[in-house]
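K.L.:
Sequence:
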Amino acid sequence: MKYELKNGWNTNIDKEIVFKFAEGYKDFLKVSKTERESVTEAVRLAELCGFKPLESFTALKEGDKVYAVNKLKGLIVAVIGSENISSGVNIVGAHVDAPRLDLKPNPLYEDGELAYFKTHYYGGIKKYQWGTIPLSLHGVVIKADGERVDIKIGDENDDVTFVITDLLPHLAQEQMKKSSSQVIEAEELNLLIGSMPLSGEEKDAVKANILSLLNEKYGICEEDFLSAELEIVPAANAKDVGFDRSLIGAYAHDDRVCAYPALMAALTTEACGKTAVCLLSDKEEVGSMGNTGAKSDFLKLILLELLDKTGEAATQLNLLRCLDRSHCLSADVNAAFDPNFPAPYEKRNASKINYGVAIAKYTGARGKSGSSDASAELMGKIRTLFNENEVLWHVAELGKVDAGGGGTIAQYIANLGVETVDCGVPVLSMHAPFEVVSKLDVYMAYKAFHSFYNN
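So the sequence shown is residues 1 to 455, counted in this note's numbering.
Keep in mind the hints are simulated off the structure, nothing from the lab.
Do not take every clue at face value.
As the list claims (entries may be wrong) - For lysine to aspartate or glutamate, the following EDC-like pairs were computed, each having C-alpha atoms within a straight-line distance of at most 20 angstroms:
(1) 61 - 83
(2) 152 - 111
(3) 118 - 222
(4) 203 - 83
(5) 127 - 102
(6) 217 - 156
Start from the sequences and build out the full structure, keeping to the hints where you can.
P.N.:
What follows is the structure, encoded as structure tokens:
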């Protein structure tokens with residue numbers, strides 16, 4: 001049988017279903033600008049579908065729907081199947097963090113009678129893309145008395161916004177001689193937040209006014225920044241792109257464009273053979289480190305709890321048996337072929353917009369460094385599964401062999417013994433403040449993950 005790529009719009013796809021699913025995804029993006037917000041919204045959606053906290057169960061049976069939150073930044077959603085947990089589970093794993101700017105611990109300063117926040121970029125970004133665009137501030141502040149203050153400023157139409165300024169072309173002759181990575185340097189990613197001095201203050205009066213406003217509205221003081229997690233993200237919400245509205249432009253498609261379909265597929269899955277597990281993790285953009293990343297023991301902890309509460313011995317042996325017999329789709333995006341910049345792509349093995357989910361047998365860089373490299377047996381299983389369930393799919397690599405490459409959580413899940421392969425949505429302008437995906441591909445991701453949970 002000849003392997004042929006098919007543009008999904010040339011098949012019998014139901015446009016109305018595709019567009020309806022896309023609206024739900026756009027709504028999710030609007031309230032999920034950070035990993036914390038993504039988990040909060042995912043829990044809300046899970047509870048609407050009848051899922052309950054794992055800790056509320058003393059025993060689990062087939063059909064039970066549970067969730068467990070990892071330190072407000074990660075989440076596992078599971079539907080208990082008829083088979084023993086030790087016989088393996090079906091995992092779809094995505095990440096909910098995204099490239100952004102974080103505030104430094106001591107962010108607030110005044111210079112030239114203007115007030116700024118110092119930032120530290122998170123993940124792989126092109127720094128020049130973050131200048132002169134509307135930005136918003138999201139996160140939490142923990143005050144000295146332990147009170148938590150949630151911050152969300154800059155997304156509503158009547159709200160304030162923030163910006164990183166840039167030189168005008170008339171004065172940028174020297175700047176324009178720099179390489180693109182140095183046009184705006186890391187220490188120049190300073191967020192403009194005000195210009196009005198506080199009456200009666202002689203030194204740093206603008207900074208003093210900002211502190212006064214923050215204290216008035218949120219009850220926080222300058223020292224509270226030391227125990228805060230505040231993120232700078234694009235202020236724009238998701239928008240349809242193109243006259244035909246076939247595309248979605250938004251911040252953080254990488255990787256919420258996979259996290260949302262993975263979640264919704266789990267929420268609409270009924271009990272079958274193997275237990276279905278949706279894993280949403282943090283810190284992928286910086287190597288999946290820490291106690292909320294895919295390298296943490298959170299997945300193992302929850303699997304041990306599932307073993308225990310379904311009546312099996314929660315032993316290391318049963319956990320290892322479970323992992324060894326499990327399968328995982330590492331739900332992460334791929335670099336869609338861009339006709340404007342064809343050079344770094346190898347067209348025969350590049351992902352394409354409107355061609356369904358992209359399966360990456362391996363990721364990594366150059367000589368497959370940092371890759372889990374899925375087996376032929378797993379590739380055959382997924383290929384057959386998707387064909388039987390009318391999932392539009394194609395196989396892709398992330399660019400030419402020596403052009404760069406990238407990584408996902410696949411290698412860390414595979415290191416546990418789980419048969420793992422990458423499967424996700426092709427993205428244009430990946431890691432930019434405004435990325436682009438196809439509505440058709442988003443819906444195909446949902447179909448792919450749903451069929452995987454239920455096989």
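K.L.:
For each hint, tell me whether it holds in the structure or not.
P.N.:
These are the hints, each one checked on the structure:
Distance restraint check for residue 61 and residue 83: the Cα-Cα separation of roughly 10 angstroms lies within the 20 angstroms cut-off, and the hinted pair is therefore satisfied. Proximity of residue 152 to residue 111 is assessed by CA-CA distance (about 25 angstroms); at most 20 angstroms being required, the pair is judged violated. Taking the CA atoms of residue 118 and residue 222, the gap is about 13 angstroms. The hint holds against a cut of 20 angstroms. Distance hint between residue 203 and residue 83 is unfulfilled; the C-alpha atoms sit about 69 angstroms from each other, more than 20 angstroms.
Using a Cα cut-off of 20 angstroms, the hinted pair residue 127 and residue 102 holds, with the two alpha carbons roughly 13 angstroms apart. Restraint check for residue 217 and residue 156: satisfied, since their Cα atoms lie roughly 17 angstroms apart, inside the 20 angstroms limit.
Comparing the model with each earlier hint shows violations of hints 2 and 4; every other hint is respected.
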